[in-house]
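Top to bottom, those sequences are chains A and D. Numbering-wise (this note's numbering), the first sequence opens with residue 1 and increments by one. Numbering-wise (this note's numbering), the second sequence opens with residue 1 and increments by one.
Derived by calculation from the structure, the hints in this document are not laboratory data. Heads up, a few of these hints could be off.
Computed Cβ-Cβ distance ranges for the label pairs, DEER-style [as the list claims (entries may be wrong)]: (1) A/G255 to D/S714: 25 to 35 Å; (2) D/E346 to A/T217: 37 to 47 Å; (3) A/G255 to D/E346: 32 to 42 Å; (4) A/R86 to D/A342: 42 to 52 Å.
Positions of the beta carbon are idealized from the N, C-alpha and C atoms, including for glycine.
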Amino acid sequence: MNKTHKMGKEATNSAQNDNAKQLTLQGERLILNGERAVIWLDAPRGTSGTPGASICRTLLLSDTHFGKAETFQEHGIPVPGGETDRDLQRLTRLTEANDIDRIIVLGDLFHSKRNSSWDRVFSAFGALSGLDLVLIMGNHDIIHQSDYESIGFRCFEELALGPFLLRHHPPENDYAVKTAGAELPDPGPSDPEKLYRICGHLHPSFRLHGAARQRLTLPCYWVRPDCLILPAFGSFTGTHPVTPGAGDSIWVVAGDSVLPAHIARGD
Amino acid sequence: MAASYFRQKDWIPFEHQVAVWQAFRDGRSGLLNAPTGTGKTSAIWLPVLQRLYDDGYHKGLRILWLTPLRALARDTEQALKGINRDLGANIPVARRTGDTSSSVRSSIDRNPPGCLITTPESLHVLISRPDHIRLFNQLDAVIVDEWHELLGSKRGVMTELALAYLRTLRPELIIWGMSATIGNLEEALHVLTGIQKNNEKANSDKSGETGKHGAGRHRIQTNEVSDTAKISGNNKTSETAYKNSGPSITPTVRPVPILVRSEMEKSIRMQTILPDDSTRFPWAGHMGLKLLPEVIPVIRNSRSTLLFTNTRAQTEIWYQKILDTCPDLAGQMAIHHGSIDAPIREWVEEAVRNEQLKLVISTSSLDLGVDFSPVETVIQVGSPKGVARYLQRAGRSGHQPGAESRIYFVPTHGMELIEAAALHKAAEERDIESRPLFDKPLDVLLQFLGTLAAGGGFDPAVTLQTVRRTYTYRDLDDAGWQWALAFLTSGGSALRSYPDYRKLSEDNGKMVMTDTRLIRKHRLSIGTIVDDPVLKVRYLKGGYIGTVEESFISRLRRGDTFLFAGKWLSFVRLKDMTVFVRRASKKSGIVSRWMGGRIELSSHLARQMRRQIELIADDAAASPEAAAIRPILDIQRQRSRLPSKNEFLVESLKTREGNHLFFYPVEGRAVHEGLASLAAWRISRTMPVSFSIAMNDFGFELLTDRELALDSSSLKELFRTENLEDDLLDAINASEMSRRHFRELARVSRLLFTGFPGRFKGSRHIQASSEMLYEVFRKYDPGNLLLLQASREVLNRHIRLDRIRNAAERIMAMDLVLQPLEKPSPFCLPVWVDRLRGGLTSEELEDRIRKMQQQLLA
Chain A
1 MNKTHKMGKE ATNSAQNDNA KQLTLQGERL ILNGERAVIW LDAPRGTSGT PGASICRTLL
61 LSDTHFGKAE TFQEHGIPVP GGETDRDLQR LTRLTEANDI DRIIVLGDLF HSKRNSSWDR
121 VFSAFGALSG LDLVLIMGNH DIIHQSDYES IGFRCFEELA LGPFLLRHHP PENDYAVKTA
181 GAELPDPGPS DPEKLYRICG HLHPSFRLHG AARQRLTLPC YWVRPDCLIL PAFGSFTGTH
241 PVTPGAGDSI WVVAGDSVLP AHIARGD
Chain D
1 MAASYFRQKD WIPFEHQVAV WQAFRDGRSG LLNAPTGTGK TSAIWLPVLQ RLYDDGYHKG
61 LRILWLTPLR ALARDTEQAL KGINRDLGAN IPVARRTGDT SSSVRSSIDR NPPGCLITTP
121 ESLHVLISRP DHIRLFNQLD AVIVDEWHEL LGSKRGVMTE LALAYLRTLR PELIIWGMSA
181 TIGNLEEALH VLTGIQKNNE KANSDKSGET GKHGAGRHRI QTNEVSDTAK ISGNNKTSET
241 AYKNSGPSIT PTVRPVPILV RSEMEKSIRM QTILPDDSTR FPWAGHMGLK LLPEVIPVIR
301 NSRSTLLFTN TRAQTEIWYQ KILDTCPDLA GQMAIHHGSI DAPIREWVEE AVRNEQLKLV
361 ISTSSLDLGV DFSPVETVIQ VGSPKGVARY LQRAGRSGHQ PGAESRIYFV PTHGMELIEA
421 AALHKAAEER DIESRPLFDK PLDVLLQFLG TLAAGGGFDP AVTLQTVRRT YTYRDLDDAG
481 WQWALAFLTS GGSALRSYPD YRKLSEDNGK MVMTDTRLIR KHRLSIGTIV DDPVLKVRYL
541 KGGYIGTVEE SFISRLRRGD TFLFAGKWLS FVRLKDMTVF VRRASKKSGI VSRWMGGRIE
601 LSSHLARQMR RQIELIADDA AASPEAAAIR PILDIQRQRS RLPSKNEFLV ESLKTREGNH
661 LFFYPVEGRA VHEGLASLAA WRISRTMPVS FSIAMNDFGF ELLTDRELAL DSSSLKELFR
721 TENLEDDLLD AINASEMSRR HFRELARVSR LLFTGFPGRF KGSRHIQASS EMLYEVFRKY
781 DPGNLLLLQA SREVLNRHIR LDRIRNAAER IMAMDLVLQP LEKPSPFCLP VWVDRLRGGL
841 TSEELEDRIR KMQQQLLA
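Bound-form chain D, shown alone (with noise of 0.2 Å):
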């Protein structure tokens, strides 16, 4: 059937098209690494297809096919039913998610589709009900889309899950996922098709057996590594591959997974648009429009752009300003964000690949998937923190097989010149990022277990084989089993704590959920995603515009003018969890502002950064990105000093504000937070004293208001390695940062309940901040482990213990240099006026507020 397709559509099928072929023929699962536009879908589509037919059809759910978004599982249901329609092929094709109506729903449920299009959270939900297993028990297929995308997630541990639970249900499921290049892609296969049966105790020591359906552990399957198929650019037919077909599957024993790599490699031309004199650039800030005269020939000579910012802010602004300078684009372009009302999304999207748009600006809303053969050029306006995010966005411009992707950077201030130098190395090295994986979160597993509860209930013993068959589970211990148990059981260790509490009780030896109350919260409330509670825009005359973050609007007054979704709006009320607003006569105010807009550099870029800052310290640097830095370097020079490569700069300001040390390590903001909490904890250790911390990629800054005294050789002695993850675990508990992080636990943990939808009073009684919560179980139950998950989670993959490790003992290594400072720098700036601080004290409480009362009163 597949070859018949091809010569159809006088088609070549590419190599690792073959390769899928063969190994799903035989039953086998497995991930697909292939660059966009080489026909990725159909690669699975047609042998799913093919093994349908000749199973012989018959009705029922045999395929769910999961994306990480719903505007993907739109796009994905109109790619399938194209297909189906050129074979003449049958199989109903469906899609349920957060959007589907009750309605559809519901004829869902009465007649399946042969193949269900969903999200994880949606899966989940299905799985909270009891009937599941009848829906589920024809299927015979999963396929995973952008299975990067959710790799490293809270939702990819919800997916790793949900297929662990679904290979319960049928041994024999096949399961395949589809991921762009990342550096851990075998890591990728792994966590897709979970740990093979049998693995507990049998052959956890034989890691030397050997052979393709020997059920052994994972790391086995190393040698199936070399199994795995490079497949080079030509393009040779072998039609045998899928004309033999049939199950050949033995019972019992899953076949080996396969992963699958196109060696096909997409041409992509990166260039930096540089300020013609760069002593003007802006040595701080993040808007980038210094630029905008630079840009708008590119935007003007391409026949589509698409233009990526970091914030959702930033999309408003640069449209604004475009518009204000060309006004013969407006119509030609549009804004395209998270915030943005769905049918107007839908509408830009259908736009751009008809072709009507010239520029669409956007967030990473556009990252994935959607087809956008038109868009010739990318602008990435601001450092993407990451290569393989960089990469990912350029390859949006060049779609069809073939074509070059463009890809322009815009820096927005001074030091971006460097990580721009650094990007495009990393990106001609292909230096890709891996996915950093989760620990088994516990507030994951125990959401899945309400979940399982909900859906008529589960066998502890049954349901812990199948958790530790996930990969990120596997060496869950029986102790924190127990401890998830008892939380959802009596609540926690503490009894006495818990009078109140019921959540599942048992029946029959099977855990169940049976209030109805709880059930219903429990399915509302799937989901792992964190957010500010969001709030709906509305016209006063009606009209939904979008959604807005509620710290947004508490800070607006009536009458206050803001701009959002390209348009002036002036706030008239808030009501009911919703906005109300009208069109604005002024055009100036605030730019409506978003949370989440700070992601962190990675390590592979930092190492780059490092390295571009050495050789421009040794003028061995000959990029473009250099040469255009280096007038802002000279006034670094004059003011302060250039680190040579040996050398670890400290710069010491007294201003007003107080006594200023900046640091800089150039690993990210993330580790220069765990690293100034160090710090600043080993300080505070000697006298009491508190700090305000502040950080960018670049460094970090602590802020005390008396003067420490500290020479270089007191300041090295901050960085020692000895006793570094004690300190590092006391600092993070006095700072903010579990408190902060805990959050996400208890939301994903079901601790915070955001209410009924359209029933908002009664659920207040069952509200409460984070930070309440994370108070009263730090008083009165200490060793419940979600808190210990809080602290673990921010020094595992939040400041990144083994990032922080590595850079101490860099800068052990090095020569510190303590510079003193007459005025500001061009290093320090940026990080001196970045206003999303933390704090740390060791003062006494009264202390502190006598000195505050003695300014504030004076």
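Just chain A, same shape as in the assembly (with noise of 0.2 Å):
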């Protein structure tokens, strides 16, 4: 790819509080948010049905895992619920915060099969109606495709939309992802292995040290040359420590606090 991701000075200080970091990829603006959740200002309209703007607020986030503790119930271990209901009130209130008019889950929507949360789910997003809801279907999304239709979701393998992929898998990743090829709307660049790549899976996080031996591991947003990668929206999971090569970046997500913990170098 010829673009090189750029974290400049600018997208740095318009930042205007921790609660969110703005960020400039491939000439977007995204927000990178405490929440653990994307914003990407002005997404073109493309998929979206909504008629008149041209441009939609987007809501990015990844691997939410809703009804995991219930599916450990249904195994006979009894993991207590909680975080399905919180995530999802979480979810509710970034969105009418932020004026959000289209959410996109890159994967790993439901963590397994339907279950007694999976009416939860569905009457939250029931209540965001008018909102355009993209699914990109992750490891974990095994219900059929029309259960995720009877919520409102429409179903992508991977999208590319603007300057970005949207994938479930980082590019390392790839194997045995087959590609939809039905409904990519926007034609945009033709070869989708030269769009920059947004994705989650992985659940990154990052280990902090400090002096007299102190560590802190936090989930993260990895910013790498070729693709961001979203940490958990889901509460209920667990992280993946990963190492940042010289040209990433690393934003860590402490409390409701978006922190740099690691700025390429040469920017």
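Put the two chains together into one complex, using the hints given.
Shown next, in the form of structure tokens:
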């Protein structure tokens, strides 16, 4: 790819406060939010059926894993539920507070097969009617597609939108993901391989080290030259510590703040 | 029959053997304590045979023989079959452990042997099958081998529950245990044989009641303790003891159990291998290779030697180094540890017995059972951390009756010289540790109730009585019991939080598990040993070598070389829970490291160590170890100070890392972890600060990035005994301790599911780390008793509240001396270099990150 990602002074300075950090990636303004979701300010209307506006405020999030505790319960493992409801409330709040037009979930929406929490997920998204809902299928999305559609989601294996390719897996995990082909609405740059990717799957976290042998591991946004990997939105999920390369940046989520922990060299 | 056996063998039975026969004939249960090489197996097996034949032998499963180790099961089978052959007894003996093939299992099921040798886990698996009632309806006796190994562990609690349950099926069941010497043998007897029936209310206040057949509480059996058969070494035969046979038990009332102790003592020669010049001896470290030149002649001069180390990594290193130094020993030495493939281990054991090996290097995997008569010498590298373990290892040599045991202690660093002196003093005085017991652990109970529910269901009222008849759960209260039932049926107290949960259901007053998928999962996860996930190690071309923890392999990259089972291997790839390797041509790399190498210093040994330090400080110590350590202590005196009898030394040191405070209570690392957390917690209440905590058996360190400015009197105040328990509980919850401990509980109570063998993928959706579970419980079901159990077990078993209280009282009565250091002292260095650290903080998360960021981005 010829455009390298930019994360210059302009982006860092324009962030209003710690609760969110604004980046410019591929010329697009993205806000990394302390709730572990990205707000894409001027996303192309593209797939949206919303008439009128040519741009559309898009919320990108990944790995919600709704209904995980209930899956455990079904298998005879008494893990208390609660995170699903809390995460749905967070999502609703985030959507309303930021005037969101479209939600794109980058995979692993529901943790496993349908269970009692499905109805609550259903009604939570039902209350967001009028929004464009998109699901990029992840490895946990094993329920029949029509069920996701019944909630209001349009499902894709991958989606090219503006300068980005939205997909569940990072490029290195691309094995066995077949291209859906169907319904790629905005032709954009035709070869998906060359697009900058936004994805999830990894649940990245970063280990901070301080004086006196202090250590801290926090979920993070991993900004690489080839892709942006989102932290898991779901609260009852583990994380995977990552090691950034020299050209990468890491933004950790601490409480509801987003803080730089590793800055790409050469910026 | 027994008499004729001995006549035939031309042996004279020991008195303890006679005592066991007598008791067994009377239908009494009991515990036999006798040194190895004194015929424990025949002492038990002969009366068993006698009883089986006197009763008029009939088919069916009559005897269960429980062993803590699978390897021991094989040995026992051979030993029992040997006696049977000698006597012409045709009682079928079989074994059923996790290793047993399914075809053998089903033949055992179809045609149960007279005696079945099995492990506690396999016994629970049997109970989890609905046909177990038929299987056990002929059962006469249960024998528990190496009971001291199970006692005080969760496997021991499993055994207790299973025995209590079998007693409800077979009220006249005879239970016998065999145990090495431990500090609490009488308690061990009570745990084994359980609480007498009818104890619930009727007799609880009649503590004065006596009489052999009194149906009283166990307290009453203090009378019985006087009935303990104390048997001295003289061997007078008393044939009448076992001639007069036939059952003489009164139904419904169990005869009082008996403790049979052999007073025979094995003579043990103990010696520390000392460095020529201890100033060059390392101050820290744990490999001990410095003394290799002194160890080699010991090996050469002994016909056969067992060398014990504390970690598997040490066994690998020692094996390589000895081989490098003495190439001629190749082929005459072998490695034995728990990660090595079973057939290789069996070969090693066989080779020791046949005197084919001159040296075996081993971890605790050779501590138990297996009879190694040819072994002449034992070498212990590094502190064994306890007197009992040291003596047991020493006893692996000179195994024949009357022979002398010989053990050499190899200290790995300077301070271990003090430990060596303390160890030998304690061993001479036979100052042997007790096994601390669990206090009604709910995780094991939950697992057991699941087992009963899968095995045909249980009546809650009846089962509560059964459970309360175990020593461990004797005072389980109704609330705890109701919680356990609710946990299994509806998940927990907060019903709302567990909408999809179902495990047990009620059917005609019985709690049952009907979902076959759940039953299968339950059986698979029976067992309480908590391990890191283990991976198989295999050659690319095929051939299984052993297992290794996932945490080790995750540090390796393709092509990395590591040492495993005495071989240099090159890591190729990890696939399907298997590590593929090939032989490496390079002979250097990482030594495979395993977790679990940390054993806690016993309080007995800790006390002996403090005594030794006082003696040395007062120039009153005469031991060779004391002389050897003097040069190191002289440096301690120069750089810091050597605390005298009533001084509690605290050293402070400023380095690039930050500000260090070192404390030396000499109580063992577990207690130090508690004391360190307590001190850190109390400081953190007065100012925002983050600690990194390190400890070893000798002392602990608090490391901070700011200067604390505490004087000696405020330092001493950190150990005040007011509010000790509350502050400690807060400290445990604030640190990572209960979180770490919760992992074990989560495994036992089946919160963590590691997956079906060979069906890795499907079970992925129900895998979570114990840390995630801990957080979710804290948030959504904070009243969950498993959380409370986690902090209680940390408090009572891991860091030991009683020992911390004693230590705090001791420190409060001493003069605290704060000594600033210019350079690290011999005392502080071993603590400082310890990399296994905990943390505790009272700073805001964001402030911590900001500080780290500044350092990071500066």
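Going down the list of hints, with the structure as the test:
no., hint, verdict
1, A/G255 to D/S714: 25 to 35 Å, "holds, 32 Å"
2, D/E346 to A/T217: 37 to 47 Å, "holds, 43 Å"
3, A/G255 to D/E346: 32 to 42 Å, "violated, 55 Å"
4, A/R86 to D/A342: 42 to 52 Å, "holds, 48 Å"
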